[in-house]
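S.K.: Build out the structure end to end from the sequences listed, making use of the hints.
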Amino acid sequence: MRKVDTADKTIRTDMGEEIAYDVLVLATGSKPNTLNIPGEKLKGVQGFYSMQDLELLEKNTHPPLIPKAQQKVKSAVIVGGGLIAIELAEMLLTRNIQVTIVERGPHYWSSVLPAEDSAFLTKHIIHHGAQLMTETQISEILGDEDYRVRAVVTHTGETVSCELVCMAIGVRPNMDFLFDADLRVDHGILVNHTLQTSVLDVYAAGDCAQFDTPPSGRKSIEQTWYTGRMMGECLGATLSGTPTPYRPGPWFNSAKFFDIEYQTYGMVSARPADDETHFWWQHPTEAKAIRLAWEKKTNIFKGINAYGIRIRHERADQWLRDGMHIYEVVKNLPLASFEPELTDRFEPAFVAAFNRRFGTDIQLSGSKRSGLFSFFRQKSK
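Under the working numbering, the first residue of the sequence shown carries the number 298, and numbering increases by one thereafter.
The hints are all genuine.
When the alpha-carbon atoms are kept at most 25 Å apart in a straight line, the in silico SDA-like pairs for lysine to any residue are as follows:
#1 Lys628 to Thr595
#2 Lys356 to Glu442
#3 Lys516 to Asn471
#4 Lys593 to Asp572
#5 Lys356 to Gly426
#6 Lys420 to Glu636
#7 Lys300 to Gly313
Per label pair, the in silico range of CB-to-CB distance:
#8 Thr456 to Asn652: 48 to 54 Å
#9 Pro581 to Thr521: 28 to 34 Å
#10 Gln428 to Gly454: 14 to 20 Å
#11 Asp311 to Glu638: 51 to 57 Å
#12 Glu337 to Arg607: 38 to 44 Å
#13 His424 to Met564: 26 to 32 Å
#14 Met348 to Arg654: 43 to 49 Å
#15 Trp522 to Asp441: 34 to 40 Å
#16 Glu352 to Gln615: 37 to 43 Å
#17 Asp498 to Phe476: 18 to 24 Å
Please keep in mind that the hints were generated in silico from the structure rather than gathered at the bench. The beta carbon of each residue, even a glycine, is placed where N, CA and C say it ideally should be.
M.R.: Printed below as a string of structure tokens:
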């Protein structure tokens, strides 16, 4: 798309075609952020956002059956920390490509994760073969005589050799084509609670939309697959004659860090504010951990990060909607867990640690340990 004319209710495509509309829905998604440094246009520099990026990654690397000695890409630098960086690292490592993740923050994904969460995951990342450079920024990408990547240069002058550079520094709303359209924009296309823009009969949804007044407990721009789906459902109902406001409820997200499943519900600050309390628990031998967050004065549950432990979405969502007391959350953790039946339960150790930390005497309710499991545990002793 090249231009939107809201006065004439037409759009003009890149091919010069003019299309009239009665109602226009802008769902143009996002585009990857860039560093704007020398060397970003070299061969072997790419983002990882679209299907085209995946195809380019396939072209830039080689199938895993090719011996490493014959590969053109033997090492890669991933710029940025977060979920996309880990997905890239996992894929590249399966092709015997050495991976270095460059993070500008003090620890991995420091804008989202508290330091203990990050340290827990960093150990796992390194265990799987990736290297991590923190408090580091890339100032330049160097190329060879064929204009292909050969190294990156950090802000301290260190040179890191590589044949592939992948950008994983986030995305921004794709709205450059609206530079002369009569629409209110900020970081994204501004919309109200029904996804209506500042112009009648023009709506925006998905990654490109920014709420002028965000829903309670949510950010003004949320670029995840499920928020796009929910916006589409609401907008579909509105355009079908039933005005439907966007009410996403408490925030949630899930992903994987290699083989560690990650879930987050509610708001867990990377750096706890003065008015909130956190509790971090980590299993002594297994890759499992939990962080709880709650309001300091009211003890109202605010959020949870779970690593290697599966939490039922509907249960955590209801606790957040009900404003449940943190002691009730801790007490009812077994009801929220949906670990496999013969899995050793984490809740007793977690609650014991919580009681020691806060001087409480919380007893678990609704334990899901089966009699069959207990029988096998006793027979094995």
